[in-house]
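Chains as they are written, first to last, in the numbering used here: chain A, 1 to 371; chain B, 1001 to 1371.
Think of the hints as simulated: they come from the structure by calculation, not from any bench.
Model, not experiment: these values are computed from the prediction.
Do not take every clue at face value.
[Claimed, not checked] Think about it this way: if two alpha-carbon atoms lie no more than 30 Å apart in a straight line, the pair counts; the simulated BS3-like pairs of lysine-lysine are: (1) K1319(B) - K281(A); (2) K1281(B) - K281(A); (3) K319(A) - K123(A); (4) K1238(B) - K1123(B); (5) K238(A) - K123(A); (6) K319(A) - K1281(B).
Below are the chains, spelled out letter by letter.
Number of protein chains: 2
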Amino acid sequence: MSSSFAPLQNDTFLRACLRQATDHTPVWLMRQAGRYLPEYCATRAQAGSFMGLATNVDYATEVTLQPLARYPLDAAILFSDILTVPDAMGLGLSFAQGEGPRFATPVRDETAVAKLAVPDLEKLRYVFDAVTSIRKALNGRVPLIGFSGSPWTLACYMVEGAGSDDYRLVKSMLYSRPDLMHRILAVNADAVAAYLNAQIDAGAQAVMVFDSWGGVLADGAFQEFSLAYTARVLAGLKRNGVDGKIVPRIVFTKGGGLWLEQMGQLDCEVLGLDWTMNLGKARALVGGQVGGAGKALQGNIDPNVLFAPPAAVEAEVRKVLESFGAPHSDTTRTGPTHIFNLGHGISQYTPPDHVTALVEAVHTHSRRMRV
Amino acid sequence: MSSSFAPLQNDTFLRACLRQATDHTPVWLMRQAGRYLPEYCATRAQAGSFMGLATNVDYATEVTLQPLARYPLDAAILFSDILTVPDAMGLGLSFAQGEGPRFATPVRDETAVAKLAVPDLEKLRYVFDAVTSIRKALNGRVPLIGFSGSPWTLACYMVEGAGSDDYRLVKSMLYSRPDLMHRILAVNADAVAAYLNAQIDAGAQAVMVFDSWGGVLADGAFQEFSLAYTARVLAGLKRNGVDGKIVPRIVFTKGGGLWLEQMGQLDCEVLGLDWTMNLGKARALVGGQVGGAGKALQGNIDPNVLFAPPAAVEAEVRKVLESFGAPHSDTTRTGPTHIFNLGHGISQYTPPDHVTALVEAVHTHSRRMRV
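Please model the complete structure; the sequences and the hints are all you need to start from.
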């Protein structure tokens, strides 16, 4: 199967994930294929709905590649949703017009929890087919990242039934019936590991776990109900892709900066950070030294910077690059590296030409920092 | 005027604010006078609206005292809203049924910013009259806390015009026109200082600055656009109340744990923390030693704990108390102290008898920890 994939031309992102020296800081953007792009909106209109888009291999391939046609990004990310796994568990995912995701049958009592099981992965075949299709379409241009929601983040949606601003239902279960919460999380962890492994088998060259709601937990609860299950996912993952190469694993906990040292103990290559964390401080805590162990760091500009004029975008990009400092340049050893990204998904209101300014500023300024 | 106020019977809260030893950990709850109490809902129904309640001295006094009739809390907090100051600036505050606050004329361009000024404090007379009325009604039972939103938090609402989940408008201004944002914040800081000073003159025995939205800012932006203006407020505050006693100043930045060391440099007595921060770590960073300088710490249980059964509430209370550890007990010197609170306002869905369990657990267990 690997023989069907073209050789990789731009390995900057994968090298940075493995803390190898690169000639510029690679950049990609969370939710880079999305509603801020008119071509995405056109394809989505054809598809009729978000799930119509995500479950159709041709559409998913088309929209994944759209941002790469506009911007010299250093990685592509599978177009999908973090909630495909609980949907395959039978919870009935839908996206109402202008609203977020919603589950028809949320998991709120002992009976519903008892019914949960790792889903038949055949129900997620559309995702794996999309991975293979996208990797072929990329034709070796940049690597393809697969992803999933974290066990805790999936549990939030599964119990709340939708987004929430106070997480009352899921936290009520957590504090009232921790046994039920642990059971949900164990099933989710095993399902997410199987799901990511199948993406790797289908051609994903890196995988990312989105712990989008880890940061809403209390200290102590985060370690017990989120971090431990992210670790369980990581322990279940394949280490090599279909081409035999290492598949770097990225963990992103939004709002997780206070727990960075504990996240530094995870068995993964990259930690994602949001904009509240100082990158220089993060590098000192978990970035490691040249020749020593550590994590590559990914992030972390505020997506709202993209509403400012291009000159201001460039200035903020420079601030973020400089807060990390010059990545190491020792080509014989590993050391601290930075992958530029937003600290959260790009807003649908973002002017596309401001993204041009951001990507160009990352490439230009990060090359200059290495001289 | 001070002669009209009865002597204070329970000074546990004020002593803990000043890092003096106490025989138990004082406790009060953010938004303790609120919709989870049926008696509050009854009074609000009489008043007709939230602002009808907040602007009427008798109603404001009545609802402030309601939680004290149910629970042996160690402090009362003025019943009001954080947005009274921009309302007095002429922005037209209202609370639609089932929604959050809304301003009729948000501040979104240079013309609107140029018009802003510190309001005539006479427009806020209803607040100061309520402070005096509440202090009299308390009759020395516990101290009364006055409060305001922070300059940045007020600016968020003033620019967005309402609550927001992405802060797009206010951050667009911040990154595009930092000059306008600085002008708003300077006016807000001077207005908040004058407002809190008038509350102190009216009888407030401690004051708190709610930086509810500081945590949404990027590292760097937080220091420039939130922390600096909180410092400007603090620099403008009176140090003594109408009875000549020190008025402790509390600063609470929700989501501000990553910046705790920098907040430790503020000229205030107490720092509030949300549930993401480990209290033991916070104590080590800013709590100081016996005989040394430092901040009292206030917080930080997750309000969602209150949805669990009383036994679970008690267990979580013990965890929070023990994460801080035993406060110092040296009656001759200052040292680390803890004021128990939630990490955010109490939810309207909270069962009132679970609050009974929380308050009792704080008092009982914290006494036990001092033996």
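Results of checking the hints against the structure:
Restraint check for K1319(B) and K281(A): the C-alpha separation of about 29 Å stays at or below 30 Å, so the hint holds. Of the pairs offered as hints, the one joining K1281(B) and K281(A) holds, with about 17 Å between alpha carbons and a cut-off of 30 Å not exceeded. Distance hint between K319(A) and K123(A) is unfulfilled; the C-alpha atoms sit about 44 Å from each other, more than 30 Å. For the suggested pair K1238(B) and K1123(B), the alpha carbons sit about 21 Å apart, so the restraint of at most 30 Å is met.
Between K238(A) and K123(A) the CA atoms are separated by roughly 21 Å; this keeps the pair inside 30 Å, and the hint holds. With a CA separation close to 29 Å, the supplied pair K319(A) and K1281(B) stays within the 30 Å bound.
Taken one by one, the earlier hints fail for this structure only at number 3.
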